[in-house]
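**Q** These are the residues of each chain, in order.
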Amino acid sequence: MQPGEQRDEVEMLSLMLLIRRFEERASQQYQAQKIGGFCHLYIGQEAVVTGALAAVRDDDYVITAYRDHAHALARGTSADACMAELFGKETGCSRGLGGSMHFFDRKNHMYGGHAIVGAHVPLAVGMAFAIKYRDEDRVTLCFFGDGAINQGSFHEALNLAALYKLPIVFICENNLFAMGTSVKRSTSLKQIIDRAEGYDIPGEIVDGMNFREVRDKVAEIVDSIRKEAHPAFLEVRTYRYRGHSMSDPASYRTKQELEKYRLDDPITRLRAQLTREGKLTNEQFDMLDKRAKETVLAAVKFAEKSPQMPVEEVYDYVYFNGAKE
Amino acid sequence: MREITYRQALNEALAEELERDPNVFLMGEEVAEYHGAYKVSQGLLERFGPRRIIDTPISENGFAGLGIGAAMVGLRPIIEFMTFSFSLVAFDQVVNNAPNMFLMSGGQFNIPITFRGPNGPAHQLAATHSHATENFYASVPGLKVCAPATPRDAKGLLKTAVRDDNPVLVLEAELLYSSKGMVEPPDEELLIPLGKADVKREGSDVSVICYAQTVPLALKVAAQLEEEDISAEIVDLRSIKPLDEKTIFDSVAKTHRVVIVEQDHPFCGVGAEICYRIQKNIFDALDAPILRVSQEDVPMPYNERLEKSVLPNADKLFAAVKQVCYA
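Protein chains in written order, with the working numbering: chain A, 1 to 325; chain B, 1001 to 1327.
Hint data in this document are derived by calculation from the structure and do not stem from the laboratory.
One thing to keep in mind: the hints can contain errors.
No farther apart than 25 Å at their CA atoms in a straight line, the calculated lysine to any residue pairs in the SDA-like style are these [stated by the list, open to error]:
1) A:LYS132 to B:ASN1023
2) B:LYS1246 to B:PRO1216
3) A:LYS107 to B:PHE1109
4) B:LYS1200 to B:ALA1272
5) A:LYS132 to B:GLU1029
6) A:LYS132 to A:ASN108
7) A:LYS107 to B:ASP1164
8) A:LYS107 to A:GLY322
9) A:LYS132 to B:ALA1015
As the structure is a computational prediction, the values presented were derived from the model and not from experiment.
Throw the hints in and build the complete structure from the sequences for me.
**A** Right, here's the structure in full:
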């Protein structure tokens, strides 16, 4: 996509459906024990990453935490490569060596997939540092959850970004819970956005269940950064329908709270907006959804039949010896 | 060849690599305007400017991570820790991010970064500022660790580290910064490969395996041993990881007796690994049990007399050598 050009909204809705169906299928495959380790689902938060990425160029840098399946899919990593990674297969986006929490896709400028809370925020600042060092007009989008804002690495990174005036958008996906601990019980602020103020970084709050609001706000911020490099902070208020990870029944919140957010579903909302404006029919929506489900089912098949890395090859991934693929 | 200090040698290595590759930059606390806490980066700000010689706040985790992120997109950062004792604040970045990224990304992101700075006990800095971190870091797959003892090795290893496509830790030593040694002239490219030990003194009766601050100690003790007709071979590891097993085994096959003198703590220390490898590979060559001289297993005391007593020293090394030689 070219700067300033907006992606087709029907396509973006289609991407949100792909993410939703991918996660549902991942959940099912996890329960069938085809997927190991930890698995954190993004269901409910789809408008955040699709909205943000609809507002940037393909060569901008994207980095996130461990709830990362959607970010890879939104960056253009195939559902096949994502599902194969969950299955630990060699055809996965990290060759089956990273797993759910460590999706990487260099070609599509997806820089992970990082599983220590807050530890990737300094990395994101380093990527933004490199942009400025080379005098490029790229922007780094750094996604993280509300749990990250209480880590030292987060604070150090924000200070460095502000000090060096780096082109980076810190995007806090505030889904109200750091694992099972609510923001109210973890953060000594009335609102998360106040963290940015402490570092003299401009910050804004957006409704993360509204694709258009996220996209337009990110577009505005990125436009400002491209004109003159600076960091910015966006608190995106969203909600995850599932527990923190597959093993979490989410008993720390009420059914009523979950239902309240489900009624505000980001996919339903964008669908309604497009339908109302005559840009999408019910038949078209059903077709998009069917296509998403088919893509994901095909990805499961692909992952199942893909090979695992031969055991002896793992030693080739300890040190890089110059033979770049 | 000309005689320069260890500090000057490191300074030359930095300047030459900054000059050679525009992707190389130096970042750390007080590396620019203050010229480095130990003056290793003297003059670099004036020569290369603030874009490439960058002062940071006191945020080791933050700037170590910044370096790793910059390396992910193609820069080649040199990150200075004012001391490796402070690298512990950045342990997560150095241990979890830098060496894991290559495997974890399925080979998509190697991290060409150099972490450098003084490591190990200096003089009365007490427990928090005296850490010898080599055994911590050498135990992590994906990291390379070297610990030069001479100006020549310091220059050659640092330059190699900067050119390596993986995370490399160059563990310098505060007490060596002002030591002098012969080094090739600046117009002569000096690269010393990682994973190559150096026999600093040939001998026939005992192999003394050492690195960094224990090398001058071993050389001093070797001279004393000469007076007792004990000929000590001094093997300077230079690199802890990768480890030059061949040079070690060749020396042991010749002398049949080994003392390892290391600057870290004894439990799971560098010497423990070397002992294991010697007995596993050339057990029959040994004529005596291997001894180790290291720090004692206590946090570093401030008191000068106590500090001396817990550090490896000439008396301890001398006694250990006599013991393995049954002399």
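**Q** Compare the structure with each hint and give your call.
**A** Hint check:
no.	hint	in the structure
1	A:LYS132 to B:ASN1023	holds (12 Å)
2	B:LYS1246 to B:PRO1216	holds (22 Å)
3	A:LYS107 to B:PHE1109	holds (11 Å)
4	B:LYS1200 to B:ALA1272	holds (22 Å)
5	A:LYS132 to B:GLU1029	holds (20 Å)
6	A:LYS132 to A:ASN108	holds (20 Å)
7	A:LYS107 to B:ASP1164	holds (23 Å)
8	A:LYS107 to A:GLY322	holds (18 Å)
9	A:LYS132 to B:ALA1015	holds (22 Å)
Checked against the numbered hints above, the structure breaks none of them.
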